[in-house]
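Enquirer: Make one complex out of these two single chains by using the hints.
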Amino acid sequence: MSLLTLSALGAWGMIAGIDLVSVLQVMVARPLVAATVAGVIVGDPTAGVLVGMVLELYALEVLAVGGARYPDFGPAAVAAAVAAEGVPPILIGPAVIVGLFTAYVGDWSILALRRLNTRHVRRLAARLDEGDVHAVTSAQFAGIARDAVRALLLTAFGLGLAYVLRHWTPSAVRVRELLTAVLVGVGLATAAVNGKRLGGGRAGYVWLGIGLLGGIAWLLLR
Amino acid sequence: MAAPSVSAIVRSGLRLLTVQACWNYERMIGIGLAYTSEPMLRSLPGGRTGARYRDAMRRATRYFNAHPYLAGLAAGALARAEHDDVPGEQTDRLRTALLGPLGAIGDRLVWAGTLPAASAVGLALSADAPAGIGAAALLALYNVPHIALRLWGLRAGWRYGTKVGRALGAPFLTTALRLVGPLAAGAIGVALPLVAHRLAGDLDVAGWTATAVAAIVGVIVLRWVAPRLGAVRLGLLAALAVLVGTAW
Numbered sequence: 001m002s003l004l005t006l007s008a009l010g011a012w013g014m015i016a017g018i019d020l021v022s023v024l025q026v027m028v029a030r031p032l033v034a035a036t037v038a039g040v041i042v043g044d045p046t047a048g049v050l051v052g053m054v055l056e057l058y059a060l061e062v063l064a065v066g067g068a069r070y071p072d073f074g075p076a077a078v079a080a081a082v083a084a085e086g087v088p089p090i091l092i093g094p095a096v097i098v099g100l101f102t103a104y105v106g107d108w109s110i111l112a113l114r115r116l117n118t119r120h121v122r123r124l125a126a127r128l129d130e131g132d133v134h135a136v137t138s139a140q141f142a143g144i145a146r147d148a149v150r151a152l153l154l155t156a157f158g159l160g161l162a163y164v165l166r167h168w169t170p171s172a173v174r175v176r177e178l179l180t181a182v183l184v185g186v187g188l189a190t191a192a193v194n195g196k197r198l199g200g201g202r203a204g205y206v207w208l209g210i211g212l213l214g215g216i217a218w219l220l221l222r
Numbered sequence: 001m002a003a004p005s006v007s008a009i010v011r012s013g014l015r016l017l018t019v020q021a022c023w024n025y026e027r028m029i030g031i032g033l034a035y036t037s038e039p040m041l042r043s044l045p046g047g048r049t050g051a052r053y054r055d056a057m058r059r060a061t062r063y064f065n066a067h068p069y070l071a072g073l074a075a076g077a078l079a080r081a082e083h084d085d086v087p088g089e090q091t092d093r094l095r096t097a098l099l100g101p102l103g104a105i106g107d108r109l110v111w112a113g114t115l116p117a118a119s120a121v122g123l124a125l126s127a128d129a130p131a132g133i134g135a136a137a138l139l140a141l142y143n144v145p146h147i148a149l150r151l152w153g154l155r156a157g158w159r160y161g162t163k164v165g166r167a168l169g170a171p172f173l174t175t176a177l178r179l180v181g182p183l184a185a186g187a188i189g190v191a192l193p194l195v196a197h198r199l200a201g202d203l204d205v206a207g208w209t210a211t212a213v214a215a216i217v218g219v220i221v222l223r224w225v226a227p228r229l230g231a232v233r234l235g236l237l238a239a240l241a242v243l244v245g246t247a248w
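Chains as they are written, first to last, in the numbering used here: chain G, 1 to 222; chain Z, 1 to 248.
One chain only, chain Z, in its complex shape (with noise of 0.2 Å):
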């Protein structure tokens, strides 16, 4: 087996930034997946104008979704096994069986984890420190583990091809799924009082109760009466409901 070069992995890991680039309803995110492997399957025998660059280039454009952070680990477990000659109906398996670990762990791990926990952390530092500090600590402490899950996924992939389930059950994955929700909840906690403070803190007692009764009917109803109004368009309807009555 010809291993890729260093420069393709490291093409591969550029690539992977773009992964979502052409997000359809048909292939979903297929096409950046084949794009992000394409530099690691060159070095198949018989190079870019072979058959089994080709076929593995076929194989890499179909349907596949997952977290966009962790599409590197079915990027380079995939690549892996077209280089280890693995047959091509086990390597659509391999792909199939990725589609949902992938999503479900990234989801978690990201976008109900870090994501909400990087923002929250922004916030009150922005309620409470020079402008700017805030933003600066939401892309730092979100990034670091960005880029860090990236490059662990595209190297992991390749570690493992075929037995990248073991990747998932590392002990670091499952305790950061373990604690990126409670950790999450917990920041926005302390986050809440602090910008409100900063908000609100200038208004005029009728400004504070205007706060107060907006944000326990706002919290009635994202909970429970409508959740899925969604909290841009309960916002606009209270705007419009505040322009509404003052002109009546």
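The shape of chain G in the complex, shown without the other chains (with noise of 0.2 Å):
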């Protein structure tokens, strides 16, 4: 891979990092889109929307409501493209793990970013109590510089794991297919549990059934 390959995925990993709460929050930070997007960098698109799809059946479960701690898929979708680039699609198992595991180790950079966030606004408290607008401003871009920082380390952890999934992969050809059957049936469980929860209560079942039907008969059809 390189250099300027790498550039551009550390650069789009940090875009859809930061996309994730502090900057816009356009949802280029959705594994789909972050995916496709490392798949087209890294020369095989299809890879990329391949693995962002399964990436986005676990997803659908994030309501980044308030507070609440949840995965930050964008740069864990980047590394997962990453790892994925040139493998047939029904062994992206391995890819797939990289992401998911990306993702959790993410959860834990926001809440260390938030902590880092704490502890800036504590010491300009003074400051902003009198209505110092400085203090406001550099409070916001000190926030953005930090969680750059977190989507880029991110990132690149991402990326490592990626590299070592490319260059040491002890598994056979059956256990990596194995790996994303399973992977794929999680993911799909994932997404009709949120399914029915979103439809709310009994409603929930029917809504998602109907939409079942929808999907099938366009299956059918097509």
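FYI, nobody ran anything at the bench for these hints, they're computed from the structure. One or more of the hints may lead you astray.
Stated by the list, open to error - Heads up, incomplete: computed chain G residues facing chain Z, CB under 7 Å, no partners named:
no.	residue
1	22
2	32
3	36
4	45
5	90
6	91
7	117
8	221
In this text the structure is predicted, and so the values were computed from the model without any measurement. No residue lacks a Cβ here, since even glycine has one placed at the ideal position from N, Cα and C.
Expert: Structure below.
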């Protein structure tokens, strides 16, 4: 992988990471988007889309409500797309593991970021309580800078994991196939459970069921 | 009252995109709200060096939390209250009163409605269309209402001021709140068979069986056995079980 590609991946992972909470929130942090673009960067958009789809199923669980904890799928999806590059679709299971594990680490990194922000705001408390606009601006920009560093480090961690996976794959093809099957299965379960929850109460089953029938019809009629 | 200029409102709108940049446990998005409101407060009597501006900024930085897309409603309403010379205690009460509704409405409308619906459409199209179409659809379907909601919030907040509660009863909001949940559930339902076919379609019978078993066990665990475990941890545990099982 060239230095240019690596830099592009790092930059994209950082953008996807800060999009989650700090800046814009236009959802380039969603795994489907982040992995698709990462796939384009490494020259295998299809692999990016596929691994992004699996991670997107898992991301359907996330409700970024208030101070809730949630995994960071943006940088994770970038790493997973790199791990999936050139891999046949039925063997992307290990790449999904890279994505899930990086997203899980991302959860902790967000907690650490919030603590750092809190410490900074405490230091600025007296100036903020006086209505000092410079203190407000300083806190805002420092928050963005910290999140950018966090996202970059998380992307680097994920890419490191992807590198290890690509150069050290002890498992047999059959095992990787089984991993893909099981991880897709858990992803589908996640989407189904959350689809029902979003529909609300018993109506959730009805709406999910109607959708399922529509999806099956689409599949049969295309 | 010297109303803020159009450029000040535009600047506030852009700053609203970073309202959570300094999310922290003490003031939550209070700093972001102050940063968003600040351009609209510059036109207070006395300007940026005046006592009114400083008092307003002091109040603006206090604890606040809401859905980020609806935070503009609070920013606009609070800035308007400062311009209308509403007493500080009343502005503080307004701020407190907005905490719950703006969080609850935004969470239901966006996180539990628009986002999963857009995600499901993106997934369905990714399964059935050329690479990139699904991701593009997700971004488009999500961001049109997202940006519209932010802009509407800021404008409605400024227009209604202390009577901002009226804006929350807007017919489009109540209709959207009623529809988005079922819409998201239905869209996920449509996406599921298409995604399953795309991702597991090339597996052999044993692979299909493994996918089906994992899906059934996954539903049971996430719905009834350990709903707090979370999908990511369940996925990692399942992968570990496969690796250990096959090694053994």
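Enquirer: Would you mind marking each hint as holding or not holding in the structure?
Expert: Hint check results:
{"no.": "1", "hint": "22", "verdict": "5 Å, holds"}
{"no.": "2", "hint": "32", "verdict": "5 Å, holds"}
{"no.": "3", "hint": "36", "verdict": "4 Å, holds"}
{"no.": "4", "hint": "45", "verdict": "4 Å, holds"}
{"no.": "5", "hint": "90", "verdict": "5 Å, holds"}
{"no.": "6", "hint": "91", "verdict": "10 Å, violated"}
{"no.": "7", "hint": "117", "verdict": "4 Å, holds"}
{"no.": "8", "hint": "221", "verdict": "12 Å, violated"}
Comparing the model with each earlier hint shows violations of hints 6, 8; every other hint is respected.
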